[in-house]
Amino acid sequence: MNALTRHLAAFGLVLALPLLAGCQPKPKAKPEVLLSKPIRLDIPDQEVVLEFEASPENIENYQSYIIALEIDNSIKKPYPFPPEFTPPALFVKAEKRINGKWQIIDVPDPYMARSRLPETQNPFYAKLPTWHTQEDFTNYPSPHTWNSAKIRSTLGRFSDSEWIDDGRYRLSGHYRLTIKTKESKPNLEGMPAEIIIRQAYFGGK
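First residue of the sequence shown? That's 1 in the numbering used here, and the numbers climb one at a time after it.
It is worth saying that the hints were derived from the structure and are not from the lab.
Backbone N, C-alpha and C fix where the C-beta goes; we use that ideal spot for every residue, glycine too.
Some hints could be false.
SDA-like cross-link-like pairs, simulated, lysine to any residue; straight-line CA separation at most 20 Å [claimed, not checked]:
hint: 1; residue 1: 150; residue 2: 73
hint: 2; residue 1: 101; residue 2: 31
hint: 3; residue 1: 93; residue 2: 45
hint: 4; residue 1: 30; residue 2: 52
hint: 5; residue 1: 185; residue 2: 55
hint: 6; residue 1: 180; residue 2: 106
hint: 7; residue 1: 30; residue 2: 64
hint: 8; residue 1: 93; residue 2: 46
hint: 9; residue 1: 150; residue 2: 79
hint: 10; residue 1: 37; residue 2: 194
hint: 11; residue 1: 180; residue 2: 39
hint: 12; residue 1: 30; residue 2: 172
hint: 13; residue 1: 150; residue 2: 198
hint: 14; residue 1: 185; residue 2: 47
hint: 15; residue 1: 101; residue 2: 173
hint: 16; residue 1: 93; residue 2: 73
hint: 17; residue 1: 30; residue 2: 60
hint: 18; residue 1: 150; residue 2: 187
hint: 19; residue 1: 180; residue 2: 49
hint: 20; residue 1: 182; residue 2: 60
hint: 21; residue 1: 127; residue 2: 93
hint: 22; residue 1: 76; residue 2: 190
Across the chosen pairs, the derived CB separations fall in these ranges [to be verified]:
hint: 23; residue 1: 97; residue 2: 32; range: 23 to 29 Å
hint: 24; residue 1: 184; residue 2: 55; range: 14 to 20 Å
hint: 25; residue 1: 150; residue 2: 100; range: 14 to 20 Å
hint: 26; residue 1: 62; residue 2: 180; range: 30 to 36 Å
hint: 27; residue 1: 200; residue 2: 47; range: 31 to 37 Å
hint: 28; residue 1: 61; residue 2: 124; range: 19 to 25 Å
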């Protein structure tokens with residue numbers, strides 16, 4: 001093979017490499033939602049249990065995960081979380097299986113999470129609302145976005161210390177969450193709702 005032929009072959013390989021790279025399969029996108037179950041919010045003692053396995057196959061690196069509460073308002077009822085009303089209190093217990101035993105882990109609601117920040121971390125720090133009871137296993141949903149048909153809120157957050165792995169945020173292991181309504185909320189009657197384990201909401205999503 002003379003020098004010209006070698007140069008042409010090398011040039012052809014350089015051109016082909018990007019094309020070959022483009023033929024490689026793209027990494028499979030991780031699901032935004034891991035698990036969801038319906039719950040009725042207008043009456044007490046309505047319970048759902050969500051159990052799931054988190055692994056690199058279904059968890060996105062550097063992504064925080066939350067317990068979300070989404071409410072369907074297709075019947076166009078008045079907004080159920082006006083500032084003058086207390087949002088519904090829910091019993092929330094999160095557990096992780098460690099060494100063959102269920103151990104309770106912390107999943108604070110957004111109000112509690114913000115109140116734990118240093119006061120200097122404005123605008124993220126906020127004092128707890130006066131109606132927040134601070135009871136164990138009691139969380140209050142914090143609305144994220146809403147429109148005429150759907151209300152999205154965050155009920156709890158998996159703490160950073162729970163899912164940091166080698167410098168990467170990652171939920172990992174076997175989890176069980178028990179959610180139960182604690183009170184009557186007639187203004188939520190006829191509004192189907194879901195408890196969802198999912199990636200944290202971002203912006204308007």
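For each hint, the structure was consulted:
no.: 1; hint: 150 with 73; verdict: holds (6 Å)
no.: 2; hint: 101 with 31; verdict: violated (28 Å)
no.: 3; hint: 93 with 45; verdict: holds (14 Å)
no.: 4; hint: 30 with 52; verdict: holds (15 Å)
no.: 5; hint: 185 with 55; verdict: violated (37 Å)
no.: 6; hint: 180 with 106; verdict: holds (17 Å)
no.: 7; hint: 30 with 64; verdict: holds (13 Å)
no.: 8; hint: 93 with 46; verdict: holds (14 Å)
no.: 9; hint: 150 with 79; verdict: holds (10 Å)
no.: 10; hint: 37 with 194; verdict: holds (5 Å)
no.: 11; hint: 180 with 39; verdict: holds (9 Å)
no.: 12; hint: 30 with 172; verdict: holds (14 Å)
no.: 13; hint: 150 with 198; verdict: holds (16 Å)
no.: 14; hint: 185 with 47; verdict: holds (15 Å)
no.: 15; hint: 101 with 173; verdict: holds (12 Å)
no.: 16; hint: 93 with 73; verdict: violated (27 Å)
no.: 17; hint: 30 with 60; verdict: holds (6 Å)
no.: 18; hint: 150 with 187; verdict: holds (15 Å)
no.: 19; hint: 180 with 49; verdict: holds (9 Å)
no.: 20; hint: 182 with 60; verdict: violated (33 Å)
no.: 21; hint: 127 with 93; verdict: violated (23 Å)
no.: 22; hint: 76 with 190; verdict: holds (10 Å)
no.: 23; hint: 97 with 32: 23 to 29 Å; verdict: holds (24 Å)
no.: 24; hint: 184 with 55: 14 to 20 Å; verdict: violated (39 Å)
no.: 25; hint: 150 with 100: 14 to 20 Å; verdict: violated (40 Å)
no.: 26; hint: 62 with 180: 30 to 36 Å; verdict: holds (32 Å)
no.: 27; hint: 200 with 47: 31 to 37 Å; verdict: violated (25 Å)
no.: 28; hint: 61 with 124: 19 to 25 Å; verdict: holds (23 Å)
Violated hints for the displayed structure, listed by number in ascending order: 2, 5, 16, 20, 21, 24, 25, 27.
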